[in-house]
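**Q** Given next are the chains, with one letter for each unit.
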Amino acid sequence: MITCPSCMRAQAPALVCAGCGAPLGANLDLFAAMNLPRRLTIDAAAMERAYHDLSRRIHPDRFAAAPAAVRDASMRATALLTRAYRSLRDPISRGRYWLELHGRKLGENNQQVPAELAAMVFETQERLEELRDSRTPENLAAARTRQTEAARVLADAKAELARNFAAWDGAGEDADEERRKARFTNLKAILSKIAYLTTLERDIFRELETARAA
Amino acid sequence: MAYSDKVIDHYNNPRNVGSFDKSDADVGTGIVGAPECGDVMKLQLRINPDSRVIEDARFKTFGCGSAIASSSYVTELVKGKHIDEAMTIKNTVIVSELNLPPVKIHCSVLAEDAIKAAIGDWKKHHEDGEPAAAEQRKAQEG
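Chains as they are written, first to last, in the working numbering: chain A, 807 to 1020; chain B, 66 to 207.
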């Protein structure tokens, strides 16, 4: 239970007070902060509206003349809401947050990537190296082909992510521990893949930009 | 963050850079990657099919200094070792040799994975899966 610093009403933790609508400054998970159910598939337009509505209601400017406890609550609620919006808006960071929320944060030491993905990244880096060494039209074309390929694989991975989200949401309160574990493993693998491909895309882009500028 | 002298040495004078012919039956190729930093490492081992000793090694790594140094060091480390011994090499050996800081430990993990991947690839050409199966086949042939 938490007490509203504005109207002193005791209530369950939330972003705003159920009685007077003032910010509570409670510690919440990011789904609760945005008043969203814990689901991975999110209606982007509804989320956008909720964010703007909530941020107006708790904005520090509105509480500039209020007592310190209320101003403080407004500041904390705003920071939380901003973090929630930024983390949940994008599916990739939403997936990462899902792991964090369940105590399975994506580590940097233990993520093995599938052999064929590592091979693809390696070959692409070799093409980029050739382009760095010699900016021939052939090398440029080879790098562009790799760029298309990387974009395709990344798009596939993002579609896989959407399927994983649907599996979570469809499972509801599925108590089957094995299936839950499998969904976590799958989510981690997809997010690692996306992280790897995103870095690769950036490397390709940079190299092509450098080649263009030369 | 400052690199240790040994990392700098391997980075400036990498040992055994290059590649072997991937289709050579005596060559095992391991390509491994670290998704969070974007590094990718290729390690190739030339393994004697009779003695199962690693006779030579080549690497090529796209990544940070620590990743390059880890793979360069590993090529020196595995040479002359029996594959069973090489399979037991732990990343901690690489960490202590190169004085890798905690944030670069994943580079040594990557190098350890590369050894296992390369030997695993070689075994695929030389055995039908389980080592026991190959031993059995050998016994039958013998």
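Derived by calculation from the structure, the hints in this document are not laboratory data. Hints should not be assumed to be uniformly reliable.
Now the stretches of chain A that chain B is said to cover, found in silico as 3 or more residues with beta-carbon under 8 angstroms [to be verified]:
no., segment
1, 868-877
2, 924-931
3, 1005-1017
Here are some chain A residues the structure puts well away from chain B; computed CB gaps all over 10 angstroms [claimed, not checked]:
no., residue
4, G827
5, D835
6, D849
7, R892
8, L907
9, E935
10, R941
11, D982
Here are the simulated BS3-like cross-link-like pairs (lysine-lysine), alpha carbons at most 30 angstroms apart as the crow flies [said to hold, decoys possible]:
no., chain 1, residue 1, chain 2, residue 2
12, B, K189, B, K87
13, B, K87, A, K987
14, B, K155, A, K994
Computed from a predicted structure; not experimentally measured. For glycine and all other residues, C-beta sits at the position ideal for the given N, C-alpha and C.
**Q** All hints, please: hold or fail.
**A** Evaluation of the provided hints:
1. Judged by the Cβ-Cβ criterion of 8 angstroms, the segment 868-877 of chain A is not covered by chain B as claimed, because only 0 of its residues qualify and three are needed.
2. Counting residues of the segment 924-931 of chain A whose C-beta sits closer than 8 angstroms to any C-beta of chain B gives 5, which meets the bar of three, so the coverage hint holds.
3. Here's how the segment 1005-1017 of chain A fares: 3 of its residues keep a CB closer than 8 angstroms to some CB of chain B, so the rule of at least three is met and the hint holds.
4. For G827/A, the requirement that its beta carbon stay farther than 10 angstroms from each beta carbon of chain B is met, with the minimum near 42 angstroms.
5. With a least CB separation of 24 angstroms from chain B, D835/A remains clear of the 10 angstroms interface cut-off, as annotated.
6. Chain B leaves D849/A outside its interface by the beta-carbon criterion, the shortest separation being 30 angstroms against a cut-off of 10 angstroms.
7. Against chain B, the non-interface label of R892/A holds: every CB pair exceeds 10 angstroms, the least being about 20 angstroms.
8. Every CB of chain B lies more than 10 angstroms from the CB of L907/A, the least distance being 19 angstroms, so the non-interface label holds.
9. A beta-carbon of chain B is positioned within 10 angstroms of the beta-carbon of E935/A; the least distance is around 8 angstroms.
10. Distance to chain B confirms R941/A as a non-interface residue, since its nearest Cβ pair spans about 19 angstroms, more than 10 angstroms.
11. For D982/A, the non-interface assignment is confirmed: its Cβ lies about 28 angstroms from the closest Cβ of chain B, beyond the 10 angstroms cut-off.
12. Among the hinted pairs, K189/B with K87/B is consistent with the structure: their alpha-carbon atoms are about 13 angstroms apart, no more than 30 angstroms.
13. Distance check on the hinted pair: K87/B and K987/A sit about 37 angstroms apart at the alpha-carbon level, beyond 30 angstroms; violated.
14. Of the pairs offered as hints, the one joining K155/B and K994/A holds, with about 25 angstroms between alpha carbons and a cut-off of 30 angstroms not exceeded.
Against the hints set out earlier in the document, violations occur for numbers 1, 9 and 13.
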